[in-house]
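Top to bottom, those sequences are chains A and B.
Going by numbering that gives the first Met the number 0, the first sequence opens with residue 0, and the numbers climb by one from there.
Going by numbering that gives the first Met the number 0, the second sequence opens with residue 0, and the numbers climb by one from there.
Hints were generated in silico from the structure; no laboratory data involved.
One should not assume that every hint holds.
Below 27 Å or equal to it, Euclidean Cα-Cα: the simulated DSSO-like pairs (lysine-lysine) are [stated by the list, open to error]:
(1) Lys-114/A x Lys-1/B
(2) Lys-1/B x Lys-24/A
(3) Lys-114/A x Lys-24/B
Please read these numbers as outputs of a predicted model, since none were measured by experiment.
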Amino acid sequence: MGYSSSLIQRKFKDIAGRRYDSILKDYREFMLADEEMFIPEIRSILVPLDLFVQDITDEALDVLSAYDATISLAYITDTEVIKLLEQALDSESTKEFQAKKEEYGQKLLKRIAAKLEERGFSTQTRMFVGHKGDDVVRMAKSHDMIALCRRYADGESTDVSVSPVVLRICQRVEIPALIY
Amino acid sequence: MKILVLIDGSKWSQKAALHAVEMAKRKDAEVVLFSVLDIMEAKAMAFNFCTQSGICDQLKGYEGRIWKDMQKSIEDDQNSIISRHRGEGVRCSSKIVEGSIREEILKEANSGEYGLIVMGAFGRSGKARISALLEQIGGAIKPPLLVVR
Chain A
0 MGYSSSLIQR KFKDIAGRRY DSILKDYREF MLADEEMFIP EIRSILVPLD
50 LFVQDITDEA LDVLSAYDAT ISLAYITDTE VIKLLEQALD SESTKEFQAK
100 KEEYGQKLLK RIAAKLEERG FSTQTRMFVG HKGDDVVRMA KSHDMIALCR
150 RYADGESTDV SVSPVVLRIC QRVEIPALIY
Chain B
0 MKILVLIDGS KWSQKAALHA VEMAKRKDAE VVLFSVLDIM EAKAMAFNFC
50 TQSGICDQLK GYEGRIWKDM QKSIEDDQNS IISRHRGEGV RCSSKIVEGS
100 IREEILKEAN SGEYGLIVMG AFGRSGKARI SALLEQIGGA IKPPLLVVR
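Looking at chain B on its own, in the form it has when it is part of the complex (with noise of 0.2 Å):
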């Protein structure tokens, strides 16, 4: 069996790897910690950002920094998780991707390599409201979803 871990760098996701692991463990399945990267989401935190600050002049830089801060910061993320399981005998591998979230996630989710698919119940805007990303995916994911928190 292989499970797919949806990383989102919430804190939720990293529970979500738990689980996973600790799933892997009792069926001696394979992990596959998977993220996606929206350009959409680096303009519009440049743009929301600069625009509240008044440096419109400097919205094409900052979306790139961020971008850029984005690609970093979830290879740490997943990076993180595989160091921490290093030594617990599971097999566990990363994957990033650019392009729009929900398509990406059914892309991976539903390629017929995976029999669980594994997600944090909140996003990075904390406890507020489930994922947005579980409304979007839930219905249309095969596999079943296992949603931690």
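The shape of chain A in the complex, shown without the other chains (with noise of 0.2 Å):
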């Protein structure tokens, strides 16, 4: 008999008896199955990058450097504001808010997968224009993991919560997610 199932009959032994196998279908939510009991390998982790992420933190790197992985890097300028801007602006100003933001993006990419190829890591790198919480969500599912900054999709605010699309990112993936 595996760990959770010794721990779930010793549990229910009082209530469950032959009953074992329909309560552990019925509540498969709340008790972890023996088959739940592994870790998948890290092979790969997705870390979104924008504005509002400077840098990946030293202690983030520390626990990533746990794992054999390659780090995606994605740069991702919200469509939504280029949207915006086309119908507030000429499609002048556009491309050229545009091309400054995508001169950011490279120079950002850039540095940090530099400070990850200092410290080991593999890198790969990427940038384009999407929606900041579904694009991740789509990415994630061919990634082992993804690490998220508090700030990343927020802005400038300054209280101490994560961000809510973090939060929502957190909620909608299906990998661990390490914020930071």
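The task is to assemble the complex, starting from two chains supplied on their own in separate frames and drawing on the hints.
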């Protein structure tokens, strides 16, 4: 008998009896089954970046260094911002804004990738215009872990809460999330 | 490095312990299983149960029983986790405190002793929504926070 089964049987010994299998089935959201007692291999880690993420902290890198994983850095510009600018400004100004954002994104990607490689990580980088929540959740499906800055997609707020987008991503992804 | 694992008795916190032990093996770290018992939780459970069951005259008795059960249950959970990982070469200890869950977790997590905090993505209410605890403490915890599922 596995660890989980024995724990569950001990706790339910008075009321479960022969109904153990049916209880395990009906209450699987609350009981850890033996087949869930494993840690998937972490081979790729997604790290979304945007204007509000300046760096990956040394503490976070120390944690990530435990895995022999490739770090995928993704700089995302919010598609809604571009749409809004297209409506409010002329096409030339929007292009200028986008070019400046891309230049900033490229510099940030280059700087963070260099820092990671210096510490022995292998990295991949990409930059695109998209949705900071939905696209990250979609990309997370092809990674084993995600590392999110508390301020990602948040703005310049000075309070100590986690960005609502980070919380929503944590709720929707099926992989472990490191919040730094 | 020391790793603090938040244990609330849910299956998700048991998974958090698995991740923490795995990390500890890789980083030669020490794992501390940490639980907070809040008497208000026992009061709420006793009140809701007794009022719904029409046994309000037994409220105080139920509160005492629930409180004792909560203490025993979390001790059992922590001991089970420690037993499971005994022999894996990971130093693992337990710590149970009483008080406000948010305040006690922040006090421990931000004590400067820990390089990583690990918690489950969901609580004892199941997968219906992200752990309310994450919303309460996520932004105020200084070390990196690993949220597992």
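Results for each hint:
no., hint, in the structure
1, Lys-114/A x Lys-1/B, "holds (25 Å)"
2, Lys-1/B x Lys-24/A, "violated (36 Å)"
3, Lys-114/A x Lys-24/B, "holds (25 Å)"
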